[in-house]
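Protein chains in written order, with the working numbering: chain A, 216 to 616; chain B, 12 to 223.
Don't read these hints as lab results, they were simulated from the structure. All figures in this text were calculated on a predicted structure; none of them were measured in a lab. Be a bit skeptical, because a hint or two may be false.
Here are some, though not all, of the chain A residues that point toward chain B, as calculated from beta-carbon distances under 10 Å [said to hold, decoys possible]: (1) 271; (2) 274; (3) 280; (4) 541; (5) 544; (6) 545; (7) 596; (8) 599; (9) 609.
Glycine included, C-beta positions come from ideal geometry on N, C-alpha and C.
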Amino acid sequence: MNLETLPLQLRDWIVSLFPGALQWFVHHLLSITAILTVFGLFFAFTTIAERKLLARLQNRLGPNRSGLPWFRSLKLWGLTQPFADAIKAITKEDVVPAAADKVLHFLAPVVIVAFSLLGFAVLPFGRHLIPVELDAAILYFFAAGTATELAIFMAGWGSRNKYSLLAAMRALAQLISYELPLILSVVPVILVVGTLSTSEIALAQGGWTWGFLPHWHVFTPWGFAGFVIFLVAALAESNRSPFDLPEAESELIAGHLTEYSGFKYALFFMAEYFGLTALSGLGVTLFLGGWQAPFAFLEFIPSWLWFMGKLAGMIVFFIWIRGTLLRLRIDQLTRLAWKFLVPLALLNLGNAAFWALTAGWSGPLVLVRWGISAAIVIVPFLILGRRLSAGYASRTYRYAA
Amino acid sequence: MLGSGILKGLGVTAKNFVGSYHDPARMVTQEYPDTPAKLPEAYRNFPFLVTENATDPMGTLRCVACQICEKECPPQCIYIEKSKDKKPDAAGKPQLYPAVFAIDTAVCMSCQLCVEVCPFDAIKMDHVFEVAATNRFEGLLLNREQLAKPNEYFHQIRPAEAAEVDGRLTAERKAAEEKARAAAAAKAAAPAKPAAPAATPAPKPAEGGAAP
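All chains, full assembly: derive it from the sequences and hints.
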């Protein structure tokens with residue numbers, strides 16, 4: 216049995232059980248079911264992993280009490296917590312404000328989950344494992360991902376609540392601000408690889424320099440800068456700490472989710488995690504080599520396991536960031552986007568163009584190529600960083616040590 | 012440099028993460044229902060009556076039914092009935108004892124005033140907090156059998172205070188014994204005269220010696 220193509224064999228076997236006329240339908244239905252099951256469970260365990268990791272980052276224990284019904288002595292480290300949360304969310308009362316636009320209020324959580332799931336269709340999960348092979352996959356990914364912003368405004372508008380509406384507008388301001396650096400950080404990859412297809416981009420990152428340095432884009436100056444910009448913008452784009460001010464739990468009620476309760480509220484969170492997972496998957500594909508193994512001798516591990524492992528690593532890193540950084544103010548947020556990330560991303564685009572032009576350089580010229588490319592990244596970073604933090608002396612604490 | 016603070020912060024949380032697995036001193040969580048809650052020694056909730064002997068709690072109550080606490084209690088949650096007879100206390104002196112001693116814990120506000128005024132160290136503040144009753148009238152009205160707890164329990168919950176109280180009480184009892192012995196000796200020496208002149212100066216130095 217070949218582990219690499221195991222999911223495909225399984226799919227083809229199930230498809231062959233159906234009559235010929237239905238096979239194309241079952242084929243696609245199976246892809247959808249697989250994405251929903253795998254990433255539904257991934258979402259469930261991301262929530263428990265997030266709570267446990269955040270707890271450990273703050274010297275707490277985290278949820279460890281939920282076990283199984285009828286087997287109460289089995290604690291299972293609290294791993295059944297997400298299912299308990301789901302049951303709680305389903306059994307809660309679903310409150311709809313009397314003045315709300317009932318249709319929009321109902322549609323918003325449905326639409327946001329649907330659009331946030333669309334992105335998974337074009338991610339190459341393994342060497343042969345991609346739900347939909349699209350030539351313009353990245354274009355499609357961002358088009359589908361951006362549509363969730365519509366749902367956020369639907370939620371704010373449909374609630375007929377001033378706080379919800381204002382929060383939805385704030386959320387839109389943030390999302391649109393960060394859409395630009397996000398896409399600009401992706402463009403260099405497209406420029407260098409010369410394709411919009413995610414599977415080809417993942418394929419292009421195969422191979423090793425000197426036998427150990429993988430050809431992942433993150434290991435080039437422009438790729439590293441692009442990856443960092445992508446990380447920051449992805450954090451903001453998925454409403455996560457330190458950019459979670461649209462629904463800052465400790466300050467606002469819940470932003471545009473103020474009038475949502477029960478499972479609809481849970482759906483918004485599901486969409487948020489789906490969006491984060493999809494963006495992380497794109498980041499893995501574009502910069503971290505997709506499903507490629509880091510070392511040649513590790514290639515016996517199936518490629519889809521490598522992808523999921525890198526994806527989990529990205530999620531853990533995002534949780535680590537959440538456990539560390541403080542929430543930004545709205546002016547700091549937009550300043551960071553427009554005065555820092557966008558200029559850097561634009562310069563990085565030029566950097567990628569230089570890299571693509573000098574692809575033929577060899578010998579000692581390779582060092583010159585790396586030096587120039589690194590300088591294009593580092594020098595503006597230092598200058599812009601100094602300008603961004605100009606006027607802010609390092610803070611002195613009178614009472615804290 | 013921009014971003015160095017972020018890296019430093021990530022280092023701090025990473026240290027927390029690793030440390031939380033091998034350094035139990037970092038963890039602030041008490042897993043309360045599984046492990047008993049660690050209360051500070053000075054924690055106080057509801058008074059209890061101290062008995063000298065756990066095997067005979069009602070016979071060795073320190074309380075002599077003087078009713079000072081009953082009169083001092085701001086919410087008036089203490090009800091005491093004096094006994095008709097007298098029983099010897101720990102020092103052997105015949106004392107009254109409370110025939111009824113009840114505290115309505117629905118009313119008690121754990122102010123500790125009863126403990127402050129008690130001249131016999133008979134009532135002390137307890138550490139209980141898991142109190143529940145199915146009836147808010149009789150269920151919350153604790154009688155002397157429910158209130159009585161042995162001195163060892165007092166030592167368990169407040170070791171420092173209990174040691175101080177015990178030291179004081181034994182010193183007082185020793186002084187009383189010495190006084191009695193001196194009185195007996197004086198009686199033996201001068202059977203014709205009353206023991207009063209010999210006994211009165213004796214307690215002064217004895218008590219002065221016991222106080223510190």
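Under the constraints set out in the numbered hints, which ones does this structure not fulfil?
5 and 6
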